[in-house]
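Peer 1: If you read the protein sequences in the order shown, they are chains A and B. Heads up, the final residue of the first sequence is numbered 101 in our numbering, and it's a clean run with no missing numbers. Heads up, the final residue of the second sequence is numbered 245 in our numbering, and it's a clean run with no missing numbers.
Hints listed in this document are in silico derivations from the structure and should not be mistaken for laboratory results. Quantities reported herein were computed from a predicted structural model and do not represent experimental measurements. Any given hint could turn out to be false.
[What the hints assert, rightly or not] For the chain B half of the interface with chain A, some residues (derived, Cβ under 8 Å), not all of them: (1) PRO18; (2) GLY60; (3) VAL61; (4) LEU65; (5) ALA115; (6) THR125; (7) VAL164; (8) ALA165; (9) TRP226.
[As the list claims (entries may be wrong)] Covered stretches of chain A, as calculated for chain B (at least 3 residues, CB under 8 Å): (10) 6 to 12; (11) 23 to 30; (12) 52 to 62; (13) 68 to 76.
Think of the CB as a built atom: it goes at the ideal place given N, C-alpha and C, for glycine as much as any other residue.
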Amino acid sequence: MSEQDGVIWLTIFGLAAASFAIRLSGFLLAQRLPRTGPWARGLEALPGCLIISLVALLMVQGGPVEWAGGAVALGVAFAFRSVPLSMIAGMAAVAILRALG
Amino acid sequence: MTSSGLAPEGVPQPQPQPQPLREALAGVRDMLPLAFAVATYGAAFGVLAAQGGMSLLQSGVFSTLVFAGSAQMIALERLGAEAGALAAVMAGAALNLRMLLTTASLRDALDGQAAWKIALGAHLTTDASAALLQTSRAKGEQASYWYLTGGALLLYVTWIAVTVAGHGMSALIASPERLAVDFALAAGFVAMLPGLWRGARDLKPWAGAAVTVSVLMLFTPLAASWALILGALAGAVIAGVQGDV
Numbered sequence: 001m002s003e004q005d006g007v008i009w010l011t012i013f014g015l016a017a018a019s020f021a022i023r024l025s026g027f028l029l030a031q032r033l034p035r036t037g038p039w040a041r042g043l044e045a046l047p048g049c050l051i052i053s054l055v056a057l058l059m060v061q062g063g064p065v066e067w068a069g070g071a072v073a074l075g076v077a078f079a080f081r082s083v084p085l086s087m088i089a090g091m092a093a094v095a096i097l098r099a100l101g
Numbered sequence: 001m002t003s004s005g006l007a008p009e010g011v012p013q014p015q016p017q018p019q020p021l022r023e024a025l026a027g028v029r030d031m032l033p034l035a036f037a038v039a040t041y042g043a044a045f046g047v048l049a050a051q052g053g054m055s056l057l058q059s060g061v062f063s064t065l066v067f068a069g070s071a072q073m074i075a076l077e078r079l080g081a082e083a084g085a086l087a088a089v090m091a092g093a094a095l096n097l098r099m100l101l102t103t104a105s106l107r108d109a110l111d112g113q114a115a116w117k118i119a120l121g122a123h124l125t126t127d128a129s130a131a132l133l134q135t136s137r138a139k140g141e142q143a144s145y146w147y148l149t150g151g152a153l154l155l156y157v158t159w160i161a162v163t164v165a166g167h168g169m170s171a172l173i174a175s176p177e178r179l180a181v182d183f184a185l186a187a188g189f190v191a192m193l194p195g196l197w198r199g200a201r202d203l204k205p206w207a208g209a210a211v212t213v214s215v216l217m218l219f220t221p222l223a224a225s226w227a228l229i230l231g232a233l234a235g236a237v238i239a240g241v242q243g244d245v
């Protein structure tokens, strides 16, 4: 087993354990977990904030080609609301720009 | 799989006599449109997992044990960035924290069931479960355990099957660099944004998250994975304290 293989398995089992613990805890804490107020608002906003953070990170790390690809993917996502289609459009934009550059 | 908000508690209905198979099939029927959406997303994940160096067995086990598309995607992205297992698990788990609210919202269906049924129901919970709950509430019915589990099982089987199929298909894709496959994950996350956007109340949290990540990356030596988590937490805190917008 290569080192990267070990890291992958560790990630798989680690995320599996964490995900199951979160899912079960949600039900078990249901009586106590506030359904409104600051904690609920923060938890509900977390997925969007995490994805926008990742996009910001990837854009800071990227250059003009990645920014253009991101803009194309975002435009297609707004127009068609399809994740796979937007991915293909963004990748096509990046592939074309790389071929030209 | 996008996140959905939680509806206020429905009015309790009188409990009819349970009919597991019939209820499960109704759940399957109501979940079908979502299963098609999940299938394309899962196939894309399978392709990316293969490109990211996961074996067929690993991607199959990943989808079986975790069953959370966006968390698997972000963990895969962190692995690709060589951030290590801890950072990958942290990022995926942070994305899954919202499930606390999803399984909490299924309380009425899970309450009083046998332990194995609670464990199964919890493991199969996704954002789509919340959508199914809303569907049955819109019809004025209380979602039963087997209605939710039947629908979730369809999604589960679909998710695992298309992950494996997507992994198999990736072998057919030649020269990944020229096809910009390395940009696929970035494009995928950008593509999720319109579905996650909940309107004006997301403006300040999202701006705060993006600015935090950018500032940390440009002006501090902090590793990308921690900038990512701090940015997301900053956004969630802003959402928590800003009150109802």
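Peer 1: Please go over all the hints and tell whether each is borne out by the structure.
Peer 2: Tested hints:
| no. | hint | result |
| --- | --- | --- |
| 1 | PRO18 | violated, 19 Å |
| 2 | GLY60 | violated, 10 Å |
| 3 | VAL61 | holds, 6 Å |
| 4 | LEU65 | holds, 4 Å |
| 5 | ALA115 | violated, 10 Å |
| 6 | THR125 | holds, 5 Å |
| 7 | VAL164 | violated, 15 Å |
| 8 | ALA165 | violated, 14 Å |
| 9 | TRP226 | violated, 11 Å |
| 10 | 6 to 12 | holds (count 6) |
| 11 | 23 to 30 | holds (count 7) |
| 12 | 52 to 62 | holds (count 10) |
| 13 | 68 to 76 | holds (count 5) |
Checked against the numbered hints given earlier, this structure breaks hints 1, 2, 5, 7, 8 and 9; the rest are met.
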